[in-house]
Each structure stands twice: as C-alpha cells, then as structure tokens.
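These protein sequence lines are chains A and B, in that order.
My numbering puts the first sequence at residues 1 to 351.
My numbering puts the second sequence at residues 1 to 246.
Simulated from the structure, these hints should not be mistaken for lab results.
Glycine included, C-beta positions come from ideal geometry on N, C-alpha and C.
Hints should not be assumed to be uniformly reliable.
[As the list claims (entries may be wrong)] Between beta-carbon pairs, the in silico distance windows are: (1) VAL170(B) <-> GLY198(A): 16 to 26 Å; (2) ALA238(A) <-> ASP67(B): 33 to 43 Å; (3) GLY284(A) <-> GLY230(B): 49 to 59 Å.
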Amino acid sequence: MSGPWTAADGPRGVAQQRLLVVDPTAEMAFETRARALPELLRARDLVVVNDAATLPASLRVCTGSGRMHELRVATPGGPTGWWVVLLGEGDWRTPTERRPLPEMLDVDDAIALPDGTHAHVLERSPRSPRLLRIDWGRDDARVLALLFGHGRPIQYSYLKGDLRIEDVQTAFGVRPWAVEMPSASRPLDWAALRALRGRGVELATLTHAAGLSATGDDALDAQLPLPERYDLPARTVAAIERAHAGGARVLAVGTTVVRALEGNAATHGGRLRSGEGTTALVIGPGFVPRIASGLLSGVHEPGTSHHAVVRAFAPAALLEAAHQHAALRGFLVHEFGDATLVLPRERARLG
Amino acid sequence: MNDRPAALVTGASRGLGQALALRLAERGHPVVLVARADEPLQDVVTRIRARGGRLAHAVVGDLGRPDDARSIAAQATALVGRVGLLVHNASSLGPLPMPALADTRPEDLLAVLEVNLLGPFRLTRALLGGLALGQGGTIVHISSDAAVEAYPGWGAYAVSKAALDHLSRVWAAELGESGVRVLSVDPGEMDTRMHADAVPDADRWALADPDVVARRILALLEDSVGAPSGARLIAAQWSADGEVTA
Numbered sequence: 001m002s003g004p005w006t007a008a009d010g011p012r013g014v015a016q017q018r019l020l021v022v023d024p025t026a027e028m029a030f031e032t033r034a035r036a037l038p039e040l041l042r043a044r045d046l047v048v049v050n051d052a053a054t055l056p057a058s059l060r061v062c063t064g065s066g067r068m069h070e071l072r073v074a075t076p077g078g079p080t081g082w083w084v085v086l087l088g089e090g091d092w093r094t095p096t097e098r099r100p101l102p103e104m105l106d107v108d109d110a111i112a113l114p115d116g117t118h119a120h121v122l123e124r125s126p127r128s129p130r131l132l133r134i135d136w137g138r139d140d141a142r143v144l145a146l147l148f149g150h151g152r153p154i155q156y157s158y159l160k161g162d163l164r165i166e167d168v169q170t171a172f173g174v175r176p177w178a179v180e181m182p183s184a185s186r187p188l189d190w191a192a193l194r195a196l197r198g199r200g201v202e203l204a205t206l207t208h209a210a211g212l213s214a215t216g217d218d219a220l221d222a223q224l225p226l227p228e229r230y231d232l233p234a235r236t237v238a239a240i241e242r243a244h245a246g247g248a249r250v251l252a253v254g255t256t257v258v259r260a261l262e263g264n265a266a267t268h269g270g271r272l273r274s275g276e277g278t279t280a281l282v283i284g285p286g287f288v289p290r291i292a293s294g295l296l297s298g299v300h301e302p303g304t305s306h307h308a309v310v311r312a313f314a315p316a317a318l319l320e321a322a323h324q325h326a327a328l329r330g331f332l333v334h335e336f337g338d339a340t341l342v343l344p345r346e347r348a349r350l351g
Numbered sequence: 001m002n003d004r005p006a007a008l009v010t011g012a013s014r015g016l017g018q019a020l021a022l023r024l025a026e027r028g029h030p031v032v033l034v035a036r037a038d039e040p041l042q043d044v045v046t047r048i049r050a051r052g053g054r055l056a057h058a059v060v061g062d063l064g065r066p067d068d069a070r071s072i073a074a075q076a077t078a079l080v081g082r083v084g085l086l087v088h089n090a091s092s093l094g095p096l097p098m099p100a101l102a103d104t105r106p107e108d109l110l111a112v113l114e115v116n117l118l119g120p121f122r123l124t125r126a127l128l129g130g131l132a133l134g135q136g137g138t139i140v141h142i143s144s145d146a147a148v149e150a151y152p153g154w155g156a157y158a159v160s161k162a163a164l165d166h167l168s169r170v171w172a173a174e175l176g177e178s179g180v181r182v183l184s185v186d187p188g189e190m191d192t193r194m195h196a197d198a199v200p201d202a203d204r205w206a207l208a209d210p211d212v213v214a215r216r217i218l219a220l221l222e223d224s225v226g227a228p229s230g231a232r233l234i235a236a237q238w239s240a241d242g243e244v245t246a
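Full structure from sequences and hints, please.
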C-alpha cells in the first residue's frame with residue numbers, strides 16, 4: 001500500500017472504530033466515533049443491511065501433479081457447480097500477487113480435497129484460467145460441511161495473525177453466502193441496532209454473496225467484483241417503496257447492498273422486484289443511485305473500486321476534503337479499519 | 001401452502017429431540033435435525049419422510065465444539081432458508097455414573113457447560129440474524145428440574161441447566177422488542193436413554209413417554225398467553241391430547 005493510508009492489522013470491534021461522516025446536504029464532513037452512528041440517523045430512516053454470513057472459503061487442495069494449492073470459493077451455490085479461484089502454494093503471509101502461479105487445469109481434471117474426496121473441473125472462465133467452475137461431487141449442504149470441516153476464512157497478508165471464523169462474522173450474518181466479510185456492517189452490533197430501533201429507524205435485510213477482493217491475478221483482479229448472487233426479500237422491497245413514497249431516507253450498509261439494490265432496479269426498469277438474482281453491475285464515476293441515497297462503508301483509499309461506489313453518493317470535492325482529513329488523522333483502511341458514513345439525502349433532493 | 005417456520009432441533013437422533021422433530025414435521029414445519037453422528041439422524045429423517053414429512057434434513061455437528069455452531073447454523077440456513085424455531089435439546093450428563101461434585105473434575109464440569117450452555121448460546125448467536133432483525137421466532141431451551149432442585153450427584157448437569165434457564169430469561173429480556181419469544185421448558189422425567197444413563201435402576205413404567213412430552217411442548221408453544229416469553233415452564237401442565245393431529 002502506498003500513500004498515507006494504513007490498514008488495521010487485526011480484528012477490531014465497533015468500540016475501536018472511528019467514523020468519517022460526510023453530509024452532502026449540509027456540504028460538510030466531520031469525524032466521530034462509530035458508536036455515535038445511531039445518533040446521526042432519525043425516525044423513519046430506513047437502513048438496509050446484508051445478512052450474509054461469511055464462509056470459511058479457503059481450502060488446501062492438491063492437483064493431479066501432486067502440487068499443493070489454495071482454493072478460494074468465488075461464488076457459492078448455483079445450480080451446477082461453484083466458481084473457485086486457485087492460488088499457487090504458500091500461505092496468506094505472502095500477498096496474493098506474489099504467490100506462485102497455480103497449475104493450469106483442464107476440464108475434467110481432478111482436485112484432491114482435504115477430506116480424501118475429489119472435485120472436478122467443469123469449465124475454465126474466459127476471464128482467467130485461474131477461475132474455474134468445479135463440481136464438488138456432493139450437494140450444496142455437503143459442500144458447506146466440507147468447508148466448515150476443513151476450510152478457513154480467507155486471510156489477508158496485512159494482518160498480524162490468523163483470522164478465525166468468528167472474526168469474519170457480522171453481528172447478524174446468518175445466510176452462508178459471503179466468501180469475504182461484508183465488513184461495512186461492523187459498526188452495527190446489536191446495541192447499535194437496538195439504538196436505531198429506539199430512534200424509530202427502520203431496518204431491512206437482503207442477502208448478497210460478497211465475493212473475493214483479490215485473486216493474485218492482475219487481469220482478473222481488474223475485473224472484480226465478479227457477478228454476484230443476491231436475494232431481495234419482498235418485505236424489504238415493500239419497506240423501500242414505503243420509504244420512497246413517504247420521502248424517507250434510505251441508507252445502504254455496504255457496497256454489496258448498493259450493488260444488489262441498484263443491480264436489481266437496473267434490470268427491472270428502475271423498479272425493485274423481490275427474489276434471487278445475479279448482479280454484474282459495476283458502480284463507477286457518474287453512477288446515480290436510484291434506491292439508496294446514503295451509504296455506510298469502510299474507509300476506502302481514493303482510486304479503489306470501493307471508493308468509486310462512495311463517490312456515487314457525495315460530491316467529489318466534499319469527499320476529497322473528507323479523505324484528506326481522514327488520512328491526516330490516521331484513519332485505518334481495509335476490512336477491520338474505520339468507517340465512512342455518507343448521510344442519506346432527502347428523496348426530494350435526489351436528482 | 002406451508003407457512004410454518006422451519007425448526008431446528010439439537011439432539012434429534014433419539015429421545016425427546018427425536019420425538020419433537022417427528023411431531024414438528026407432522027405439523028408441517030420443515031425440520032433440521034442435529035446430532036453428532038450421521039447414521040441415527042438419517043434413520044429419523046427416513047422415518048419423517050415415510051410419514052409424509054416433506055422437508056426434513058440431517059446436519060451433523062457437536063455443540064461441545066466451539067466452531068460447530070457456525071457450521072450447524074450455516075448448513076441449516078442453507079437447507080431451509082431461515083430457522084424460525086430453535087429447540088436447544090441436546091445435553092450431556094458428563095461422566096457416568098454421575099459423580100458427586102466433590103469427585104467432579106473441573107474439566108468435566110467445563111465439558112458439560114460447553115455442550116449444555118455455551119453450545120446453545122453460540123448457536124442462538126449464529127442464528128440471531130434470522131430471528132431478531134424483524135422476522136421474529138421462538139427459541140426453546142430444554143431444562144430439567146435439576147436446574148431448580150439440588151439433587152446430590154447431579155452437580156455438573158444441574159449447574160449447566162440452572163445457567164441455561166437464566167440464559168433463557170436474559171435472552172427474553174433483551175429480545176422482547178424484536179418479536180423473539182424465548183422459553184425454558186422442564187420436560188419432566190422421561191423414559192429415554194439419558195434417563196437410563198443417569199438413573200439405571202429407575203422404574204421405567206413411572207417415566208413419561210418422550211412422544212407425550214413432545215406433544216405437550218407443542219401445545220405450550222401454541223399457547224402464547226400461558227407460555228409468554230421469558231417463562232420457565234413445566235411441560236406436564238399442558239395436555240398432550242389436544243395436540244393429536246388428524
């Protein structure tokens with residue numbers, strides 16, 4: 001990492017988190033503690049969270065030649081096979097981009113799994129030869145049993161120690177869809193949710209299969225995020241429609257929630273439709289969010305794809321000033337870093 | 001259409017857990033059965049399907065192992081979408097025959113607390129996002145009169161059940177606003193393998209049939225007035241007969 005930004009080097013809770021608040025309506029930014037988040041929202045605001053639980057998505061596997069590899073699940077579930085990424089031997093203390101290249105596998109090649117069984121390659125992605133669709137030789141529930149029995153959470157080279165499965169869960173994550181933690185939710189422990197409810201803030205959920213953040217392949221990393229699965233409940237669509245009709249503000253928690261909501265609306269003529277779907281939407285400069293008008297996320301270094309999502313919610317000059325302040329004040333980036341809140345605007349001001 | 005919430009029952013391969021799983025499935029609840037060994041669980045799943053229960057699933061896990069709660073919660077949620085009724089039934093008595101406290105090794109007490117107290121705590125935490133974010137649901141802790149009465153020789157088990165009762169009360173106090181009902185249920189003495197392990201020379205004819213107790217528990221679950229959240233309930237105070245389904 002270059003520049004003034006430092007990553008948090010281990011799991012941190014909400015009590016240690018700082019919050020960078022960007023208020024586009026008042027055209028101001030300030031810093032506070034993440035614990036203060038509920039006080040910044042008000043009655044009738046709607047907060048939409050991702051209820052995905054995080055899988056132990058990394059397995060040590062062996063290819064036909066006898067070489068060890070790390071297999072990372074990219075997209076869980078799906079009717080026929082799962083997308084996975086192979087990384088060459090070595091552990092997480094080596095940054096993914098410096099890991100040896102994986103062996104090139106062909107369709108039908110076997111991958112020896114830690115429980116003594118084998119998976120088989122169904123397809124190599126045109127995006128990258130490292131991205132494979134595999135048949136685990138068992139149903140999805142048994143795949144989860146394999147992952148929980150033998151897998152570990154995906155690790156990060158900038159952390160001091162190993163992450164355990166508890167370290168990568170949000171307070172309310174329950175559906176086992178995410179392969180990396182939907183870490184924007186970290187300020188929202190149950191005390192914060194209770195405080196929000198106490199203020200009359202409404203909560204709604206969706207599930208988004210938060211995907212890999214790095215694969216060790218520059219060409220593939222440049223294409224991240226890959227298309228990801230989501231499930232949008234009817235009750236959440238109803239809550240958002242009520243909020244919009246009543247002029248209430250909608251806050252998305254995490255770029256995954258933004259992708260699911262905006263991706264869903266984009267494929268249904270601007271309106272939300274409940275149900276499962278896949279979104280390939282990449283949110284970049286100039287994107288105008290139609291569903292949420294505010295965002296809670298981590299602190300993202302300008303230039304990253306996550307920062308591009310934040311830019312869709314606030315004017316560039318205001319964000320730049322806020323990030324200069326955050327850099328000077330030593331705000332921490334990455335999964336266990338500090339948080340950014342772009343306060344939602346009134347619906348009537350959207351446009 | 002089936003609008004019954006999916007139920008998860010721990011310790012479902014025999015005794016009260018098995019009886020509860022069979023009766024919940026009969027009522028139309030999708031059921032996830034949890035126990036340490038796969039084969040006896042599959043036998044119960046097969047029995048449920050033979051009786052016409054459509055949605056019954058087995059998940060192998062050990063509540064005494066800290067990481068298994070996440071695994072059980074993930075597999076169950078993947079199978080049924082959302083667990084709306086959570087029945088913490090699995091229990092360990094500890095070493096047999098059950099020693100007096102004076103002869104109980106601290107590590108044996110700890111092992112019993114892992115299964116009977118921390119296991120249910122961890123599993124509730126792992127499933128809470130499907131219960132307390134607005135959808136609501138029910139959590140049932142299977143207790144024992146040993147939680148209230150001090151019987152010599154029941155130390156580790158009794159301590160774990162007393163703590164479980166209070167865990168249930170505090171969950172109820174914290175989750176009341178979220179539409180989650182939390183109960184503790186004393187099933188009474190039953191003719192189960194656990195009871196035989198604990199009291200090998202008991203008169204079996206004097207013990208309740210676990211199926212009758214399961215039907216009583218289903219009756220009290222329907223009784224939102226008589227069995228409010230936070231309550232510790234005696235299953236024998238509800239009738240099993242009202243719950244015989246056609």
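How the hints compare with the structure:
A hinted range of 16 to 26 Å holds for the C-beta pair VAL170(B) and GLY198(A), which are about 19 Å apart. With their beta carbons about 37 Å apart, ALA238(A) and ASP67(B) fall inside the hinted range of 33 to 43 Å. Distance hint check for GLY284(A) and GLY230(B): the Cβ-Cβ separation is about 51 Å, which falls inside the suggested range of 49 to 59 Å.
In terms of the numbered hints stated before, the structure departs from none.
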